[in-house]
Amino acid sequence: MVRIAGSTEKGRHVHENDYYSPQGEMRVDDRASPTMQNCLLYKLTKPPGFDRVRGQVIGHRNYELHGLEEAFTSSSWLVRIFRVKSYANRGVN
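Going by UniProt numbering, the first residue of the sequence shown is number 1, and it counts up by one from there.
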């Protein structure tokens, strides 16, 4: 997904190397790059605290999604759906 984003006009600022650890690995644990740990996709796809596929505790556990809320998560956590929260100051309910 990073490659796709970086290949678009609006995503020119996205660079795949920013998502690799200093050792050149795509990690999700405490050695993940800061860019990876702050990425919205990382936050949306990892259950709070654990990557079940890799069996690793994720590196950035205590985060809040201010503009999104969970709408559905399958029992296996393979499917997660979020909805955008509405804000009173936007005039949208």
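Among these hints, one or two may not hold up.
Estimated spans, in silico, between C-beta atoms of each pair [to be verified]:
no.	residue 1	residue 2	range
1	11	75	30 to 38 Å
2	9	88	28 to 36 Å
3	88	56	17 to 25 Å
4	40	78	16 to 24 Å
5	68	5	27 to 35 Å
6	22	85	30 to 38 Å
7	10	38	31 to 39 Å
8	76	17	30 to 38 Å
9	80	35	19 to 27 Å
10	54	34	13 to 21 Å
11	88	25	37 to 45 Å
12	55	84	27 to 35 Å
13	5	63	39 to 47 Å
14	29	69	37 to 45 Å
Think about it this way: if two alpha-carbon atoms lie no more than 20 Å apart in a straight line, the pair counts; the simulated SDA-like pairs of lysine to any residue are [said to hold, decoys possible]:
no.	residue 1	residue 2
15	43	62
16	43	65
17	85	45
18	85	59
19	10	24
20	85	52
21	10	62
22	85	55
23	10	29
24	85	44
25	43	63
26	43	9
27	85	64
28	43	75
29	10	55
30	10	26
31	85	75
32	43	88
Quick caveat, the hints were computed from the structure, so don't treat them as lab data. Treat the numbers as computed from the prediction; the structure is a model and nothing was measured. Built from N, CA and C at the ideal position, the CB exists for glycine as well.
Structure-based check of each hint:
Between residue 11 and residue 75 the Cβ separation comes to about 33 Å, which falls inside the hinted range of 30 to 38 Å. Between residue 9 and residue 88 the beta carbons are some 34 Å apart, a value that agrees with the proposed interval 28 to 36 Å. The hinted window of 17 to 25 Å between residue 88 and residue 56 is violated, with their beta carbons roughly 39 Å apart. Restraint check, residue 40 to residue 78: a C-beta distance of roughly 18 Å satisfies the suggested window 16 to 24 Å.
Our hint of 27 to 35 Å for residue 68 and residue 5 is violated, since their Cβ atoms are close to 18 Å apart. Distance hint check for residue 22 and residue 85: the Cβ-Cβ separation is about 36 Å, which falls inside the suggested range of 30 to 38 Å. For residue 10 paired with residue 38, a C-beta distance near 19 Å fails the hint of 31 to 39 Å. The beta-carbon spacing between residue 76 and residue 17, approximately 32 Å, falls within the hinted interval of 30 to 38 Å.
Distance hint check: the CB atoms of residue 80 and residue 35 are about 21 Å apart, consistent with the given range 19 to 27 Å. Separation of residue 54 from residue 34 is about 19 Å and conforms to the stated range, judged on CB atoms against 13 to 21 Å. For residue 88 and residue 25, the hinted distance range of 37 to 45 Å is satisfied, since their beta carbons lie about 44 Å from each other. Checked against the hint of 27 to 35 Å, the pair residue 55 and residue 84 passes, with Cβ atoms roughly 32 Å apart.
Separated by about 20 Å at the C-beta atoms, residue 5 and residue 63 break the suggested range of 39 to 47 Å. Taking 37 to 45 Å as the suggested C-beta distance range, the pair residue 29 and residue 69 does not conform, at roughly 26 Å. Using a Cα cut-off of 20 Å, the hinted pair residue 43 and residue 62 holds, with the two alpha carbons roughly 10 Å apart. In summary, the hint linking residue 43 to residue 65 is supported, as the alpha carbons are separated by about 8 Å, within the 20 Å threshold.
For the hint pairing residue 85 with residue 45, the CA-to-CA distance comes to about 18 Å; that is within 20 Å, so the pair holds. Simply put, residue 85 and residue 59 have alpha-carbon atoms about 26 Å apart, too far for the 20 Å limit, and the pair is violated. For the hint pairing residue 10 with residue 24, the CA-to-CA distance comes to about 26 Å; that exceeds 20 Å, so the pair is violated. Straight-line distance between C-alpha atoms of residue 85 and residue 52 comes to about 27 Å, which puts the hinted pair past the 20 Å bound.
About 29 Å separates the Cα atoms of residue 10 and residue 62, which puts this hinted pair outside 20 Å; it is violated. Taking the CA atoms of residue 85 and residue 55, the gap is near 31 Å; set against the 20 Å cutoff, the hint is violated. Only pairs whose Cα atoms come within 20 Å are accepted, and residue 10 paired with residue 29 is rejected, the gap being roughly 29 Å. Using a Cα cut-off of 20 Å, the hinted pair residue 85 and residue 44 holds, with the two alpha carbons roughly 15 Å apart.
Taking the CA atoms of residue 43 and residue 63, the gap is near 8 Å; set against the 20 Å cutoff, the hint holds. Proximity of residue 43 to residue 9 is assessed by CA-CA distance (about 24 Å); at most 20 Å being required, the pair is judged violated. Using a Cα cut-off of 20 Å, the hinted pair residue 85 and residue 64 holds, with the two alpha carbons roughly 13 Å apart. Distance restraint check for residue 43 and residue 75: the Cα-Cα separation of roughly 18 Å lies within the 20 Å cut-off, and the hinted pair is therefore satisfied.
Restraint check for residue 10 and residue 55: the C-alpha separation of about 34 Å exceeds 20 Å, so the hint is violated. Distance restraint check for residue 10 and residue 26: the Cα-Cα separation of roughly 23 Å exceeds the 20 Å cut-off, and the hinted pair is therefore not satisfied. A C-alpha spacing of about 23 Å is found between residue 85 and residue 75, which places the hinted pair above 20 Å, so the restraint is violated. Between residue 43 and residue 88, the direct Cα distance comes to roughly 25 Å. Violation of the 20 Å bound is thereby established for this hinted pair.
When held up to the earlier numbered hints, the structure conflicts with 3, 5, 7, 13, 14, 18, 19, 20, 21, 22, 23, 26, 29, 30, 31, 32 and fits the remainder.
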